[in-house]
Amino acid sequence: MRRSLSCLALASAAVAVVNMIGTAQQPATATFGEDQATRGRQTYDQRCAECHVADLKGGSGPALVGSSFLSGWGMRTAQELFVFVKGSMPPGAEGSLSDDVYLDIVSYVLQANGHAAGAQPLRADSTLVLGAAGGGGVRAAAASGQAAVSPAAPQRDQDVPIAGAVGPVALLGKQVTNYTPVTNQMLQNPPPGEWLSWRRTLDGQGYSPLNQITRDNVSNLRMAWAWSMAEGGAQMTPLIHDGVLFLTAPGNVIQALDAKTGNIIWEYKRTFASGSRGGRGPTRTIALYGDKVYMTTSDAAVVAIDARTGRLVWETQKADPSKGFTHSGGPIIANGVVVSGIQGCARFTKEGCFVTGHDAETGKELWRTSTIAVPPDPNNESWGKVPPGVRGGTDMWIPGSYDPQLNLFYIGTAQAKPWVPVSRGTTAFDAVLYSNSTLALDPKTGKMNWHFQHVPGESLDLDTVFERVLVDIGDQKVLFTVGKDGLLWKLDRRTGAFLGVKETVYQNIFDLVDDKTGKLRYRADIIEAKVGDWIPACPGYYGGHNWFASAYSPETSALVVPLNQHCLEMKPRKVDLVEGAGSGTGGDVRFFEMPGTEGNFGRLSAFDVRTLQQLWTHEQHASFSTGALTTAGGLVFIGDVDRHFKAFDVRTGKVLWQVRLGTSALGFPITYTIDGKQYVAVPTGTGAFPNIRRLLSPDVYAPIPGSGLYVFELPGR
Amino acid sequence: MAINRFLALTAAVLLATNVIVAQGGESFKGRLTSLPVDAVIAPTMTGSGSASATLQGTTLTITGEFKDLNSPATIAHVHRAPRGMRGPVAFPLTVTKAGAGTFEGKLTLSAAQIADLKKGWYYIQIHTEKNAEGQLRGWLLQ
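Which chain is which? The protein sequence lines are B and L, in order. Residues in the first sequence are numbered consecutively from -15, following this note's numbering. Residues in the second sequence are numbered consecutively from -1, following this note's numbering.
Hints are computed from structural coordinates only; laboratory data are not their basis. Everything numeric in this text was worked out from a predicted model, so none of it was measured. You may find that some hints are simply not true.
Cut-off 20 Å, straight-line C-alpha distance, at most; resulting in silico cross-link-like pairs (EDC-like, lysine to aspartate or glutamate) [unchecked claim]:
id : chain 1 : residue 1 : chain 2 : residue 2
1  : B       : LYS334    : B       : ASP361
2  : B       : LYS369    : B       : GLU582
3  : L       : LYS65     : L       : GLU127
4  : B       : LYS555    : L       : GLU102
5  : B       : LYS661    : B       : ASP242
6  : B       : LYS334    : B       : GLU349
7  : B       : LYS500    : B       : GLU512
8  : L       : LYS27     : B       : GLU487
9  : L       : LYS65     : B       : GLU251
10 : L       : LYS117    : B       : GLU487
11 : B       : LYS348    : B       : ASP456
12 : L       : LYS117    : B       : ASP275
13 : B       : LYS661    : B       : ASP200
14 : L       : LYS27     : B       : GLU349
15 : B       : LYS555    : L       : GLU127
16 : L       : LYS116    : B       : GLU603
17 : L       : LYS117    : B       : GLU512
18 : B       : LYS555    : B       : GLU539
19 : L       : LYS116    : B       : ASP242
20 : L       : LYS65     : B       : ASP275
21 : L       : LYS27     : L       : GLU131
In silico contact screen, one side only, chain L against chain B (beta carbon under 8 Å); selected entries [said to hold, decoys possible]:
id : residue
22 : GLY23
23 : ARG29
24 : THR31
25 : VAL87
26 : GLU102
27 : GLY103
28 : LEU105
29 : LEU107
Ideal Cβ placement from N, Cα and C applies to all residues, glycine included.
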């Protein structure tokens, strides 16, 4: 049935082409205007290149030119592309641009795919077939006027204006006074009222020992102050030290606020090189060490900012952002070294993908460890027939954890790219190391002490890349992580030995999950997937689990895990195996509700860390969209896409308090004290689960503006 | 009095027997939602529905309703596949040929089919004029 409809489309496209050749006048709907393509290119460079990259060949977003794009879209029309782009882009602000702007973008994509501009402008009902120009894939030949971005000395523009950017903060001339330099000791054992690193402590637990806010008084929480940020979704974590709240806002902005009053002290805004993207995407955490604040940027650099003044102290370029390299996770200070993984490794480049350690004082790169196994590493064999240089993926987009006693830094890697083996030239039996693995590195040297691969040869964009939570159970030193597939893993963090695995949501991807060995077996049709087959997968690639980090509750020995429930069908695309090609996805996707969940896309579950038994679970219609925060007051704080921020009883999963925010909660809630009084803070922003909301639960509406921070307190004192 | 106690006991036994006889069936429920969609397809794949089914012995009685289809229903079936997968037709159902209505079926199941039903391997699918390959489906689950 599907095949005959495609033939019909091809036939009508052929007729349209013949008509264009045969008649003097072009049909009104079968062309686009040069001015549209020119404007479209400008808009693309500002709004789209961040993910799809300047040459349209894709990065974290799919390619929009070439065989990778046309194998999925070649038979479809400009009208369908217009509907699709308007309905799904930009992420977090779908449909927010005018129709004319979307038509400009589609015109530019048509031009980039070899179509010529014509007399008539592109309209929303255009029947122009995307592949009818005979392919292409060459960026429009108009003079670019852009300086090449080189890691050595990028040219600097004036600040690229970002909507909602803060005004002239520098004129306030303020700085932080009485700032105590942050030491390794402090990072390992922070003052109870401070939040010094991503998950408060380097073990990744996301737990606070504060207990002024309890089960009994949490229902009295009220707003203390709120703070608005630029539009977008930073997915950020506020950090607290010496009465200062440090946060990131969209556009690689860092702001220092008075944590008690919310008054601004200073602001730093990254200046992006000419032609480079502005970076409205996430910056999930920054790092504090010494007297500096560290950030990894969306244009593939590491920067150090003076914590007192907000001035740039040093910056080091890690890689060339024009090849797709970027960051969204953030650094961790491990044994005094600024350790971070890079992202945007979808392209086939000689740099591949890697973790780095930088000197905290000078910014010098101390070491670089490849996460794609290449010669002389014997694990190079795990890539089968695909030679080094045309291997993509193993991105790291979530910060790692650190054990100072073992002196090991732990981080998760994502899948190899393109997603599906047949697209990347490997088989489902090629493990493709070190994708979907936990890596244990010495932070001083970068040497890989051990690795554990959770999902060899992963096929469906289901990363096991998220937080690594370190817990001591008696004498045992363990590490927990949950992948997008919903599998909860327990490893010995000294050796990487497998200790246990548990399914947290319904999954039909693996028909064998061996809880004695950790071995997985894909469903047969996934192993045999060919370009053009639709493959069902539960859960889909939003997870399962996702970046919304789990938290540990020592009082109940429970790991509290935010989860999501939905399914999809994916169709692999053909991807050319040449250097510079490759793109993040290589697959078309359709979404559906997970059977048996009654429309409950959000789920929060607690698991006993000793037995992996589920202690309680709470399901709800709206997806959870923040990390979990556990406290000694017996509470779990978490927010959702339906603008709620909630407190649960950590023993039972019962909701004890909730409040309604301006838009979706988004990021990592924290708790801290100032002058002996406890506060709880949650960020908001847009962009979480766009397809689940729009396609499967449009009743869950999140306003597009509203990125910000809300701080709550108990009344009195 | 002894006779009253005897009558009370008899009444209790009769009541209990009636309850047991009425309880012979196992119940299943289904929530019908759209087949997989993307931003282009979603407006053409609208609607929702629900189903309930009772298994008495080897007879499965299915009833259900649907609404908000963007084109009239044409046929409905029970298909066999694990949750989230697509599978072949197993049984026919009757369905209102309109944008909203009901569906039903009374099926005789073999032992193997009963086992499949209890594993959650049956789903109801409604096909429509605009979506001949299927528009809504929902698994029958306990």
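Evaluation of the provided hints:
no.	hint	verdict
1	LYS334(B) x ASP361(B)	holds (16 Å)
2	LYS369(B) x GLU582(B)	violated (44 Å)
3	LYS65(L) x GLU127(L)	holds (15 Å)
4	LYS555(B) x GLU102(L)	violated (34 Å)
5	LYS661(B) x ASP242(B)	holds (14 Å)
6	LYS334(B) x GLU349(B)	holds (18 Å)
7	LYS500(B) x GLU512(B)	violated (26 Å)
8	LYS27(L) x GLU487(B)	violated (24 Å)
9	LYS65(L) x GLU251(B)	violated (54 Å)
10	LYS117(L) x GLU487(B)	holds (18 Å)
11	LYS348(B) x ASP456(B)	violated (34 Å)
12	LYS117(L) x ASP275(B)	violated (60 Å)
13	LYS661(B) x ASP200(B)	holds (17 Å)
14	LYS27(L) x GLU349(B)	violated (60 Å)
15	LYS555(B) x GLU127(L)	violated (25 Å)
16	LYS116(L) x GLU603(B)	violated (23 Å)
17	LYS117(L) x GLU512(B)	violated (25 Å)
18	LYS555(B) x GLU539(B)	violated (45 Å)
19	LYS116(L) x ASP242(B)	violated (59 Å)
20	LYS65(L) x ASP275(B)	violated (63 Å)
21	LYS27(L) x GLU131(L)	violated (23 Å)
22	GLY23	violated (20 Å)
23	ARG29	holds (6 Å)
24	THR31	holds (5 Å)
25	VAL87	violated (14 Å)
26	GLU102	violated (21 Å)
27	GLY103	violated (19 Å)
28	LEU105	violated (20 Å)
29	LEU107	violated (20 Å)
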